Amino acid sequence: MRITDTSDLWYKNAVIYCLDVETFFDSDGDGVGDFEGLAQRVDYLAEIGVTCLWLMPFYPSPNLDDGYDVADFFGVETRFGDHGDLVELIRTAKDRGMRVIADLLVNHTSDQHPWFVESRKSKDNPYRDFYVWRSDPPPDTSAEVVFPDEEDSIWEKDEATGEWYLHHFYKHQPDLNIANPLVQDAIAKVMGFWLELGLDGFRVDAVPFFLNDLGMSERDKQDFSEPHEYLRALRQFLQRRSGDGILLGEVNVPFKDQVEFFGGKDGDELTMMFDFVGMQAIYLSLARHDARPLAEALKDRPVGTISPDSQYANFLRNHDELTLDKLNETERQEVFAAFGPEPEMQLYGRGLKRRVPPMLGGDPRRIKMAYSLLFALPGTPVLFYGEEIGMGENLDRPGRLAVRTPMQWANDPTGGFSTADPADLIAPVVSGSYGPEHVNVADARRDPESLLTHVSAMARRYRECPELGWGTYEVLDQPHTSVLAHRTSWDTASMVLLHNFGPDALTVPLTLEEEPGTELVDLLQEGVCTVGEDGGLELALDGYGYRWLRVQHPGERRLV
1 MRITDTSDLW YKNAVIYCLD VETFFDSDGD GVGDFEGLAQ RVDYLAEIGV
51 TCLWLMPFYP SPNLDDGYDV ADFFGVETRF GDHGDLVELI RTAKDRGMRV
101 IADLLVNHTS DQHPWFVESR KSKDNPYRDF YVWRSDPPPD TSAEVVFPDE
151 EDSIWEKDEA TGEWYLHHFY KHQPDLNIAN PLVQDAIAKV MGFWLELGLD
201 GFRVDAVPFF LNDLGMSERD KQDFSEPHEY LRALRQFLQR RSGDGILLGE
251 VNVPFKDQVE FFGGKDGDEL TMMFDFVGMQ AIYLSLARHD ARPLAEALKD
301 RPVGTISPDS QYANFLRNHD ELTLDKLNET ERQEVFAAFG PEPEMQLYGR
351 GLKRRVPPML GGDPRRIKMA YSLLFALPGT PVLFYGEEIG MGENLDRPGR
401 LAVRTPMQWA NDPTGGFSTA DPADLIAPVV SGSYGPEHVN VADARRDPES
451 LLTHVSAMAR RYRECPELGW GTYEVLDQPH TSVLAHRTSW DTASMVLLHN
501 FGPDALTVPL TLEEEPGTEL VDLLQEGVCT VGEDGGLELA LDGYGYRWLR
551 VQHPGERRLV
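Numbering (the UniProt record's numbering), first residue to last: 1 to 560.
Calculated from the structure, these hints are not laboratory results. It should be emphasised that the depicted structure is a prediction, and the values quoted were computed from it without experimental measurement. We put the CB at the ideal spot given by N, CA and C, even for glycine.
What follows is a list of derived Cβ distance ranges for each label pair:
1) Pro-341 <-> Gly-535: 41 to 47 Å
2) Pro-138 <-> Glu-226: 22 to 28 Å
3) Thr-511 <-> Leu-197: 49 to 55 Å
4) Gly-535 <-> Gln-40: 52 to 58 Å
5) Ala-160 <-> Arg-365: 57 to 63 Å
6) Gly-536 <-> Asp-244: 42 to 48 Å
7) Gln-40 <-> Asp-534: 54 to 60 Å
8) Gln-239 <-> Asp-158: 35 to 41 Å
9) Ser-153 <-> Gln-525: 55 to 61 Å
Just need the whole structure built from these sequences, with the hints factored in.
Structural data, given as structure tokens:
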């Protein structure tokens with residue numbers, strides 16, 4: 001029996017948009033973005049083709065790590081509004097056909113979370129075992145810290161009790177003891193609470209870290225001997241509460257290790273994972289003007305050993321540093337030299353604190369090619385707010401905050417983000433050539449050549465081409481090292497996609513296993529190419545050019 005109802009796998013051809021509420025739109029003039037302001041901009045998001053909204057942490061927090069240091073998993077930061085404002089945002093988004101997911105923090109809490117405050121009161125406090133402690137001085141763990149510019153150990157001494165607690169990230173973010181059944185129950189309650197309020201799933205933070213038994217007692221290690229059983233239990237809980245909910249995991253590990261996080265061919269753990277390996281290959285290809293690193297990454301994806309329902313999420317930029325940790329040192333230095341040669345552009349020795357347009361020198365050809373590629377790659381595209389208009393970064397801001405600047409809506413001193421005085425904003429607006437006088441939504445909406453127009457067109461085409469999100473793919477042989485040519489197919493639909501990482505125009509010869517006379521219809525401009533008697537054809541490609549071609553067999557009635 002052929003099953004054609006795929007609505008419960010909505011994530012397979014979604015367009016995901018990540019934003020931080022506090023920097024998106026301020027409705028009340030206090031200099032801080034809020035849920036009411038975000039709700040007022042939902043129509044804009046729908047207009048550019050967003051189908052899933054990903055909210056960065058909005059929970060009460062000391063805000064020492066941009067909200068990832070959570071002090072109350074069930075609360076809403078009062079600066080953003082209240083639960084009623086959040087529910088109204090979710091309702092508004094769903095009214096426009098948009099799903100909403102939010103960050104789920106399983107690995108750690110803030111040191112101001114009530115659980116940790118209680119755990120520090122005594123060694124026999126009921127909440128003591130909610131965290132990971134050791135009584136003897138820890139060894140040198142400087143090589144294991146996530147933020148080497150900020151921390152020199154993953155253990156911190158608590159003077160109140162004389163023991164050390166584990167923190168893979170900052171010292172103000174103690175790691176939860178996931179082996180503790182009470183902690184597992186508490187995380188399930190958090191998920192259940194937000195699902196009841198209307199969320200469609202979660203972006204799960206730092207997955208490999210909380211599936212780690214480092215520092216646990218021998219008893220806890222024994223109880224947690226199969227860490228992936230816990231991830232499987234989270235997925236089962238989600239599906240019981242929300243049949244089509246998703247877990248989108250942050251898992252920056254090699255491809256060979258990703259299979260287990262998906263749940264292998266059973267696909268019963270994470271629903272989706274970010275393709276960190278592919279992202280880093282994109283930048284190496286851009287730096288070299290050579291598509292081969294990306295082609296090899298696509299070939300290396302473990303598609304044959306994971307469930308067809310599992311999905312990769314593609315991205316050019318995220319809210320963290322643009323990590324290059326999966327490149328070797330020589331490759332990483334190539335990317336640094338091309339896109340972040342100054343020390344203030346780099347972060348933690350492994351990544352960049354820049355946005356895409358400045359890295360590509362503001363060249364509209366390269367920028368538009370990069371965003372065509374984002375939507376053309378097999379999987380689901382993820383946008384970080386402001387990418388669609390070509391926002392830049394503020395290198396004066398420390399660390400990851402360089403790319404977490406107010407959204408630029410209009411040409412005014414606050415970028416249309418707020419009516420507050422610029423000095424009172426949650427963060428300074430980008431200045432210079434990427435400031436709001438040059439880059440903003442209002443101007444971009446009226447410019448048919450703008451990046452916003454381009455990204456909106458790519459999103460619309462992506463949604464019209466189910467094979468991009470659903471299909472199988474192959475990298476096509478052709479002679480030009482600067483060109484990525486790949487084909488995606490699903491059911492009877494098929495597409496050929498070309499991207500030129502080099503500045504020179506060229507002609508790409510391809511041989512397709514298609515009957516002579518089959519047409520390849522260009523979906524981005526006027527034009528049709530026809531397969532010859534030998535199954536071959538030649539396709540012209542501009543410098544930094546890109547083409548999306550629908551394979552159209554005689555008699556087919558598919559929309560082109």
